[in-house]
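Asks: Residues per chain are reported as follows:
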Amino acid sequence: MSARLRETIKLLFKYKSFVIGLFIIMLFIVLSAYAMLTIPYDKAIKMWNSIEYWKDYPKLAYPAWINKFSAKKLPEGTIILDSRKKGLGISKTVQEIVFGGKGVLININMEFNYNYDDFPSEVAMWFYINTTQPMLVKVTWIKPDGTSHLIYKEVLSTYQYYRLTGDLKLISDFTAYITKLLGRKPEYQMTTEIALFAKEDESILSKETIKLVKGRYKIKIEARGDDPNANLDVKVDIYGKVYGLLGTDDKRRDLLIGIMWGAPLALSFGVLASVMTVFLQMIIAAVGAWYGKWVDHLISRVNEIIMVIPFLPLLIMISYFYKFSIWTLLFVVVGLSIFGPGIKTYRAMFLQVREMPYIEAAQAYGASNFRIILRYMVPKVLPTIIPNIVLSVPSFVFLEAALAILGVGDPQAITWGKILDEAYVGGALYWGLYHWILAPSLCLVLISVGFALMGFTLDRVFNPRLREM
Amino acid sequence: MEEILRVENLYLYFRTSRGDVKAADGVSFSVKRGESLAIIGESGCGKTSLARALIRFLPRNVSMYKGKIILDGIDIMKLSDKEFDEKIRWRKISYVSQAAMNSLNPVIKIVDHLVEPLILKNMASKKEAVERAREILKLVGISEDFLDRYPFELSGGMRQRVVIAISLITRPDIVILDEPTSALDVMTQANIMNLLKELKRRFKLTYIFITHDIGTSSELADKVAVMYAGKIVEFGTAEQVYTDPLHPYSKALLNSVPRLHEERVPTFVPGSPPSLINPPEGCRFRPRCPNAMPICVKDPPVVKIGKNGYVKCWLYAKK
Chain U
1 MSARLRETIK LLFKYKSFVI GLFIIMLFIV LSAYAMLTIP YDKAIKMWNS IEYWKDYPKL
61 AYPAWINKFS AKKLPEGTII LDSRKKGLGI SKTVQEIVFG GKGVLININM EFNYNYDDFP
121 SEVAMWFYIN TTQPMLVKVT WIKPDGTSHL IYKEVLSTYQ YYRLTGDLKL ISDFTAYITK
181 LLGRKPEYQM TTEIALFAKE DESILSKETI KLVKGRYKIK IEARGDDPNA NLDVKVDIYG
241 KVYGLLGTDD KRRDLLIGIM WGAPLALSFG VLASVMTVFL QMIIAAVGAW YGKWVDHLIS
301 RVNEIIMVIP FLPLLIMISY FYKFSIWTLL FVVVGLSIFG PGIKTYRAMF LQVREMPYIE
361 AAQAYGASNF RIILRYMVPK VLPTIIPNIV LSVPSFVFLE AALAILGVGD PQAITWGKIL
421 DEAYVGGALY WGLYHWILAP SLCLVLISVG FALMGFTLDR VFNPRLREM
Chain Y
1 MEEILRVENL YLYFRTSRGD VKAADGVSFS VKRGESLAII GESGCGKTSL ARALIRFLPR
61 NVSMYKGKII LDGIDIMKLS DKEFDEKIRW RKISYVSQAA MNSLNPVIKI VDHLVEPLIL
121 KNMASKKEAV ERAREILKLV GISEDFLDRY PFELSGGMRQ RVVIAISLIT RPDIVILDEP
181 TSALDVMTQA NIMNLLKELK RRFKLTYIFI THDIGTSSEL ADKVAVMYAG KIVEFGTAEQ
241 VYTDPLHPYS KALLNSVPRL HEERVPTFVP GSPPSLINPP EGCRFRPRCP NAMPICVKDP
301 PVVKIGKNGY VKCWLYAKK
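Chains as they are written, first to last, in our numbering: chain U, 1 to 469; chain Y, 1 to 319.
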């Protein structure tokens, strides 16, 4: 056996298509193994579906490598300034003060370099306060050219999240300030990022001429409170426009993680569904062909009835009644795909095999029906069926993706189909976020090409009618 | 020598849409231990059905299966299918089917074929069975290197030997061989016949072999049964049947065989065997018989010849 197996493998490797297919599949297997080793499945799911985990990632970022192809350098990743983590350019002083009572004065200074050619995508702040006593918090933004703006002044008594981007008051205040400074109103709708990062001269009046101030920015935060034990910490996130290998989606999630975890799910879903379907089809067809009479009639009629029932609407209907995880979906899909043209094809094969003299010989020594089916009939057709198994893997991977887009499927699982669905819902193509669509699509296409190349070669080697000698 | 198998009035009918096919219609014969019985006749006269009736290897559309098959004094027709499977099949009687060369599963190794009956009958552990397979393969003249080969790697003659080895691995008393040499060339036929003779001598086997090749059968047979249209028309020792056939059909059959040292043109039997669904009344050979008489419309009597032999023909009826 081993010698024959080795010969078959040698023969397979003579086909370039097999080598390429195998290489692609191996790539996905390595990716899957890496994904599973670095982030366990339950952790990955929790992480993927958590908003908290991704809050420091830029939203809808392009892949970082696009910077290499353009002269304009887009801000990469997120500049995180956190007063709890003492780093370069961050300092914090806490002073007890007395002003008609006891109190505290907290000064936080943050500095960062900004040398990109484009504005950041978003700016947000978090204020962490450990007291319920009111605290006056002032934030001053100082540009490298020295102009400074008081961007925040609020009495806080609890944790506060402040998203500077989209703050209409800030924008209108800044527009008014510019109008007063330059005597003219800007010709366009300003944004927070422009307010915070643009040079405040004539150039700011037109969208085409805006200049970004590069250099060292400073953020000064001053807080006063009545509670001497009060403490304030601030985190500032300046989100970039590009991130990582594959960018991020609208929930700030790193698409690389999604694509990575999509690989093992796609592989296991496709392979399991295809192996289970084909084997069950084969066994059912063999039983029908072997026992004949009413068993065969029953199987054939049931098969024909189920073939007439449309697959997708039925599946969607089932999904409305039961919410399933990806593994339940697998069983439902297998259950619905068993009956179909496959059983008819295999039945025809088995009807031929049934009449082979060696089946008769096995009966003569008294082999049981079960033994004849499993040991004499199934192995005979197995070589012609193996390519079918490999070839039907991509159809199941695609089916899963299609179902995810239709909203049938595991809402929690990280699959390529799910990412595509989110890209579609998030208007990825409308916004020109091609990476969001292309990454999962390419993976789907590649995995299909890999299995198809392997399957066709296996068919050539195993199917006696196609064998070239 | 003791009698090992006696068949009395065995009937085997198959149901078809056009009526019952009377494949074996009241067949009787007996074989002694160590003897070989050749069943000869034209194609389509029920030889294979008779063999299958003996080992109870029947298609699904059997409408009648009755009679007595007495093996070692026990009527095995009375056994249930399960008992038959456990006690008789392959343990006492084994069977080499027609087209035996093709009766090897192309995806299973030779060794697995050989051990299959032993394992199915729980006669040996896997390890012992493989040991037995090795021995038996050597016995039929194939090197044990072939144990791990697949059937397609063997020549036709070797495959035939393997199939014979499968039938012998459980050490049965009786081996039924259905045309054991039909698809082989003359040299291989001779080889296989010699092998069968050798095995018979060593293990005191009893053969029941079915053939339409009268030449090869004469080498091995001790007794001959001539079958025509589901009935045995003549049964006797090989010597008697081959040298002095009595029934007109036996005569015609033997005259159709070319002889080496005789200046004689082989003759043929005109016409073809009757349909087994609706055979002619009385003697079934009547329409083709050169000696047909008016009385032949009635069932011919069984005329005893010698100790165990008989012929079914009105020609020999005592007036």
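Honestly, I wouldn't trust all of these hints.
Claimed, not checked - Here's a subset of chain U near chain Y, in silico, CB distances under 7 Å, partners left out:
| hint | residue |
| --- | --- |
| 1 | Y159 |
| 2 | Y162 |
| 3 | G166 |
| 4 | A361 |
| 5 | A367 |
Stated by the list, open to error - If you anchor each label on the Cβ, the simulated ranges turn out as follows:
| hint | chain 1 | residue 1 | chain 2 | residue 2 | range |
| --- | --- | --- | --- | --- | --- |
| 6 | Y | R134 | U | S268 | 54 to 62 Å |
| 7 | U | V308 | Y | D75 | 39 to 47 Å |
| 8 | Y | F152 | U | I309 | 39 to 47 Å |
| 9 | U | L5 | Y | D75 | 23 to 31 Å |
| 10 | Y | G44 | U | V19 | 50 to 58 Å |
Keep in mind that the hints were calculated from the coordinates and are not lab data.
Keep in mind it's a predicted model, so treat the numbers as computed, not measured.
Just so it is clear, CB atoms sit at the ideal spot from N, CA and C, and this is done for glycine as well.
Asks: Under the constraints set out in the numbered hints, which ones does this structure not fulfil?
Replies: Numbers 1, 2, 3, 6, 7 and 9, in rising order.
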